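Undergrad: Here is how the chains run, residue by residue.
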Amino acid sequence: MIELKGLTKRFDDFVALDNIDLTIPEGTAFGLLGSNGAGKSTILRILSGIYKQEAGDAHIDGEPIFDNVSVKEKVFFINDETIQFSRFTLIELKDFYKRFYPKFSEEIFEKLKNTIKLPSDKRIDQFSKGMKRQAVVIIGLSCQTDYLLLDEAFDGLDPTMRIIVKRMLVDAMLDRKLTTIISSHNLKEINEVCDTVALMHKGKIIFNRDLDSVKGNIHKVQAAFAIDYDKDAFSDLEVLHYERNQSLTYLIIKGDEEEIKSKLNIKKPLVLDIIPLTLEEIFIYEMEGLGYDCTEIN
Amino acid sequence: MYSIDLQSRTPIYEQLYKKIVELIMKKELKPNDQIPSVRILAKDIGVNPNTVSKAYQQLEHDGIIYSLAGRGSFVAKIDKSSIKEKAFTNFDTAVTEAVNVEITIVELIERLNKREGEQR
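Just so you know, the protein sequences line up as chains X and V, in that order.
Those letters in the first sequence? Residues 1 to 298, per this note's numbering, in order.
Those letters in the second sequence? Residues 1001 to 1120, per this note's numbering, in order.
In short, the hints are calculated from the structure, not lab data.
None of these values were measured; they are calculated from a predicted model.
Glycine is no exception: its CB is placed at the ideal position from the N, C-alpha and C atoms.
Careful: at least some of the hints might be erroneous.
[Said to hold, decoys possible] Among the chain V residues that face chain X by a calculated CB cut under 10 Å, a handful are:
| hint | residue |
| --- | --- |
| 1 | Ser1003 |
| 2 | Leu1006 |
| 3 | Tyr1013 |
| 4 | Lys1019 |
| 5 | Leu1023 |
| 6 | Gly1046 |
| 7 | Asn1050 |
| 8 | Glu1097 |
| 9 | Asn1100 |
| 10 | Thr1104 |
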């Protein structure tokens, strides 16, 4: 289990993480969403022991993370910088990581290496960008850690590699209760892989809930009424977005579907359609509510 | 057979639930047929195993499937009345929506009669 309490991290004047409280139970596939600079990578770097926080606690399985070898060998962090400048070959790099990760599986490594057909004798710094990413992913999966942190690692993988990683994650989640944290801007991927998501903005966590309840708590409404209602007419509901197009009214409303339906039915709609939002739409409307608005730029 | 639409707005576990009910109603799955394990289905469609588990738990809770420890999940002999009851609830909602746009009950009855004529 991952527990963050009052976690704060500054870089000079910039507050990267502002008093974060977060608990991630084991076996969770956790999606971290947020704008660029929201603090996602900083959280992952603290969880992997690269950064030390200024204030608050960061614990994994009840133990502090920073400078703690017994915790760090349970965590593998996949990001772009991990092996960027390595002069090692893939095999040398594998042997290097194997020293730190006692559960390393040669069998899994061989299987993955043969599937992807990465060269064993070429220096990593001569790999293409995509191959570097594949190399760190297969080493990460072979380390068999209880915690796997993927910092935008999914985003650069080709479709075949994505399927391989997803299948490996299924096995690891069922066999050893792998906890995985994925930061990504590919919300379709997060929707498929994660069961819990958190949205970050300016170093704070805006919400942290299981994916289905996030999706069930925000709705897109298309309605037509006999009377023209302006936005104020819907003040009994939490309206995030209001738009009129001729006779149709489009609303984005937070809350329970049945409650929305019953309140709107009082206005006797001629047409009433309530549809769930995609994760991408939720992200955009939530960010709009926080003043991070893409509609201002056309 | 268990394909679902990952682009759809409907939550994945809900789609899986509906898919299995649909396969049972179409008799592609019969009572006591084994359904895929959580692991196999999650890998096949490329989703989180917890999501598949959630769908299976809901199906089991609703008496649509049953599971045997160490052997897997199977289709139960379903009392179709509960599924029918759900269809009736959806029908009632549709009637309310129709009445809201000033369709009369008489018009709805005409439409149902026409539908019955087509099915004969």
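Undergrad: Determine for every hint whether it applies to the structure shown.
TA: Consistency of the hints with the structure:
Because the closest C-beta pair between Ser1003(V) and chain X is about 14 Å apart, greater than 10 Å, the hint is violated. For Leu1006(V), the shortest C-beta to C-beta distance to chain X is roughly 6 Å, which falls under 10 Å, so the interface hint holds. Annotation: interface hint on Tyr1013(V) holds; nearest CB of chain X at approximately 7 Å, less than 10 Å. The beta carbon of Lys1019(V) is not positioned within 10 Å of any beta carbon in chain X (closest approach about 16 Å), and the interface hint is therefore violated.
The criterion of a C-beta within 10 Å of any C-beta in chain X is not met by Leu1023(V), whose closest approach is roughly 21 Å, and the hint is violated. Checking Gly1046(V) against chain X: minimum C-beta separation of about 5 Å stays under 10 Å; hint holds. With a least beta-carbon distance of about 4 Å to chain X, the hint placing Asn1050(V) at the interface is held under the 10 Å criterion. A hinted interface residue such as Glu1097(V) counts as satisfied when its beta carbon comes closer than 10 Å to some beta carbon of chain X; here the least separation is about 7 Å, so the hint holds.
Hint on Asn1100(V) holds. Least Cβ distance to chain X is approximately 6 Å, under the 10 Å limit. Violation of the interface hint for Thr1104(V) is found here, the shortest Cβ-Cβ separation to chain X being roughly 15 Å, above the 10 Å cut-off.
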